[in-house]
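Protein chains: 2
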Amino acid sequence: MHKKDSRAADNTKAKPPAQAPPRVRDRIFEAASRLFYEHGIRAVGVDAIVQAADTNKMSFYRNYASKEELVAQYLRAQAAEYFRWWDETVAEYKGQPRRQIEALFDAFAQHARDYCPRGCALANAAVEFGEHDTLVSQIVSEHKAESRRRLRKLAREMQARDPDVLGDALMLLMEGGYSTRVATPGESGPMCAAAAAARALIQAHTAGSSKR
Amino acid sequence: MHKKDSRAADNTKAKPPAQAPPRVRDRIFEAASRLFYEHGIRAVGVDAIVQAADTNKMSFYRNYASKEELVAQYLRAQAAEYFRWWDETVAEYKGQPRRQIEALFDAFAQHARDYCPRGCALANAAVEFGEHDTLVSQIVSEHKAESRRRLRKLAREMQARDPDVLGDALMLLMEGGYSTRVATPGESGPMCAAAAAARALIQAHTAGSSKR
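Protein sequences, first through last, are from chains A and B. Take the first sequence: its letter number 126 is residue 126 in the working numbering, and every next letter is one higher. Take the second sequence: its letter number 48 is residue 1048 in the working numbering, and every next letter is one higher.
In case anyone wonders, no lab produced these hints; they're calculated from the structure. There may be inaccurate statements among the hints.
As a list, the in silico SDA-like pairs of lysine to any residue whose alpha-carbon atoms are at most 25 Å apart [to be verified]:
{"id": "1", "chain 1": "A", "residue 1": "67", "chain 2": "B", "residue 2": "1156"}
{"id": "2", "chain 1": "A", "residue 1": "153", "chain 2": "A", "residue 2": "111"}
{"id": "3", "chain 1": "A", "residue 1": "153", "chain 2": "B", "residue 2": "1188"}
{"id": "4", "chain 1": "A", "residue 1": "67", "chain 2": "B", "residue 2": "1188"}
{"id": "5", "chain 1": "B", "residue 1": "1067", "chain 2": "A", "residue 2": "129"}
{"id": "6", "chain 1": "B", "residue 1": "1153", "chain 2": "A", "residue 2": "129"}
{"id": "7", "chain 1": "B", "residue 1": "1153", "chain 2": "A", "residue 2": "111"}
{"id": "8", "chain 1": "B", "residue 1": "1153", "chain 2": "A", "residue 2": "199"}
{"id": "9", "chain 1": "B", "residue 1": "1153", "chain 2": "A", "residue 2": "187"}
{"id": "10", "chain 1": "B", "residue 1": "1067", "chain 2": "A", "residue 2": "43"}
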């Protein structure tokens, strides 16, 4: 993406014309998202958020009724981002469920290593907020239910034996990858075994139909 | 364990002779362990702990230099409890690494369902405390490194192909089981697929040597 011979352009570069600075609500959201992910939701108070967003509490509460509203927006954005990654990753394998799963798991370790040093934001929120029937637990459980539904559906589409068991096993690999990413320092954790394990499980659930 | 004809004994039962009540330090530890696991470590302050332990802050700080000391004791006890469960589960299959892993995974779903509604206390602590090089992160990463070492060792002992990959994949299943236990309400979550998946992975890593 790096543009060659950009020095001339750099020398004459002016302020982008009439580009508005980020709205304060966006600044708050960006700062909170970063802090929540890095340190945990409970560890980050409104004071720390407004400081990082270079604003103040009055402005915060003009934009968000409560920290909970901001947390909900953060978790929904993380969930949407995850499925955007998923959809982009499988896009070129339309109608090829097995290739879709393989592509997901091939991308997974790299994605987790490069972008998810603290694992899955939604799984982490479930750990931090133990109570059932809250907005947080509802967003998390819907997100995980959708992941589970997608993996089981792909397993059915590839005509696996016991597709629900295969789908769930694949989910264990992925969620285990995120969880060990948090608890195991470094970038050579168990997550690196996920893609090979996914292939072995797919093979075990499909081998009879094509090979025997 | 229920004793028949205990009514006579009940009628005459007296206070157990000279049995001391739990020491205040033990009461604090028991109360904190329960609260930390149910609600998370950050969510539970010293006030809540002393209230649940029926004592007061002065007594708390006579027994623990800080909440951190109590947290460390809690995590070490959870880690010891986990490996006690592990050792008991595999005890009858000495010298049979494959049966040991199968026994572990057979027991795992039931263990997670019945005793771990909030997953793994140590993985959860890693989520709550993002900082590296703290006492918490050190206890957690040592615990997970030991789990990983044990699974890889069993995989080597069963002469699996790529034993480190098999060991790590088994770890993903187990950690994924705990993680989804937290984020997926109910007792029929993906963890139930762990035992079948473990068997399929073991088969994939050993099949060639015995069957082909």
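Quick rundown of the hints versus the structure:
1. A/67 to B/1156: Since the Cα atoms of residue 67 of chain A and residue 1156 of chain B sit roughly 49 Å apart, the hinted pair is violated (cutoff 25 Å).
2. A/153 to A/111: OK: residue 153 of chain A and residue 111 of chain A at ~23 Å, within 25 Å.
3. A/153 to B/1188: Between residue 153 of chain A and residue 1188 of chain B the Cα gap is close to 18 Å, so the pair holds against 25 Å.
4. A/67 to B/1188: Violated, at about 33 Å.
5. B/1067 to A/129: holds, 20 Å
6. B/1153 to A/129: violated, 35 Å
7. B/1153 to A/111: Violated, because 28 Å separates the two Cα atoms, which is more than 25 Å.
8. B/1153 to A/199: holds, 23 Å
9. B/1153 to A/187: holds, 21 Å
10. B/1067 to A/43: holds, 16 Å
In summary, the structure is inconsistent with hints 1, 4, 6, 7 from the numbered list given earlier, while agreeing with the others.
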